[in-house]
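J.: Counting along the sequence shown from 1, when you hit position 200 you're at 200 in the working numbering, and nothing is skipped either side.
A couple of the hints might just be wrong.
Within a straight-line C-alpha distance of at most 27 angstroms, the following computed DSS-like cross-link-like pairs (lysine-lysine) qualify [what the hints assert, rightly or not]: (1) K319 to K190; (2) K319 to K309; (3) K63 to K309.
Hints listed in this document are in silico derivations from the structure and should not be mistaken for laboratory results.
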Amino acid sequence: MDEIVVLMEQLARFLRAQPGHEQARVLSMETTPGHAGLSFFFTMLAGNESREYVLRVPPANVKFEGTADVLRQARVITALRGTGVPVAEVAWAGDDPQWFGRPYMIVPRLRGDCLRVSEGEWAAGLPAERLRPMAQQAMQVLARLHSLDWQRYVPGDGPPLDPAFDIERWDRFWERAAEPEMVALGPEVKRRLLERLPADPRIGIFHGDYQWTNLFYTDERLAAVIDWELWGVGATLNDLGWILLFSDPEAWVHEGRSDAPMPLPHELEEMYTEALGQAPGDVAWYRALAAYKFSIIGGFNLMLHRRGKRDDPHWEVLKPSMPRLMERALEVLDGA
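Generate coordinates for the entire structure from the input sequences, incorporating the hints supplied.
T.: Here it is as structure tokens:
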């Protein structure tokens, strides 16, 4: 039976078991766009009112850990409510297998969209004077997240991820790139990163995939930071390095790359520094680390695509940028 049909039946039973929703009906369901996770939009009819939600579940037959641990995502989202970091409200979350046979999280569907600036996307044609305030909100929220005391908000998590381990753990993926040439500079970038490990990184909650497509805007207001699969406790500048990578026009050479007039990396860094209220540290190192990681991720995911293990032609499109990212990592470490 089609997965959507099964989920709709399971969801209807679940909703009718919730107080106040005994007559609830699921009118429609569809998969959400994206390249990771299992998320579904659905519309519920309760009385005479229809409401839209997002259901998130892990893939079937996997260990419920890491990116598949939706309850861990629900935990940090719930912890961040009221902190000034905009997140969705968790309507329901749990792991009782009688409903979906796996853990689940349900949040209201927000009005608006992620900040999509790739060629042909809705935000790609916005002028700089409209994009800049949206970017500034993103940097202010990121600084706010990084200023939180992780031991207060997520005391059960940690210890912080070791920076050297954060580099070396990618070795097994680097070796499995679809084409070795894509990551040929990997050993040199790794060596340079290990030689320059940050001495005393700021430790806190990091999102793990802080980029424009995970920032949800309603009428150009940042309404929610979404997709918390990779959050953790560690060096907070991981997030800044990541979003600066996706804002660096010199890092990307593939067809269809964004040419939206977003603020450049040095401008975003200035916004973040102002919001944080202090110098953030060796930002260049984290920018290089982000480029190193994404190049390896691209090579590995392209291998999975070509072997038929994960159908996603998006990685073929990105392929020309993967060796360029390694070059850019070295340039940034050299002060570019």
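J.: Within 27 angstroms, alpha carbon to alpha carbon, are K63 and K309?
T.: 18 angstroms, holds
J.: Sort out whether K190 lies within 27 angstroms of K319, counting only the CA atoms.
T.: Between K319 and K190 the Cα gap is close to 20 angstroms, so the pair holds against 27 angstroms.
J.: Are the Cα atoms of K319 and K309 separated by 27 angstroms or less?
T.: Cα-Cα ~18 angstroms, so holds.
The earlier numbered hints are all upheld by this structure, with none contradicted.
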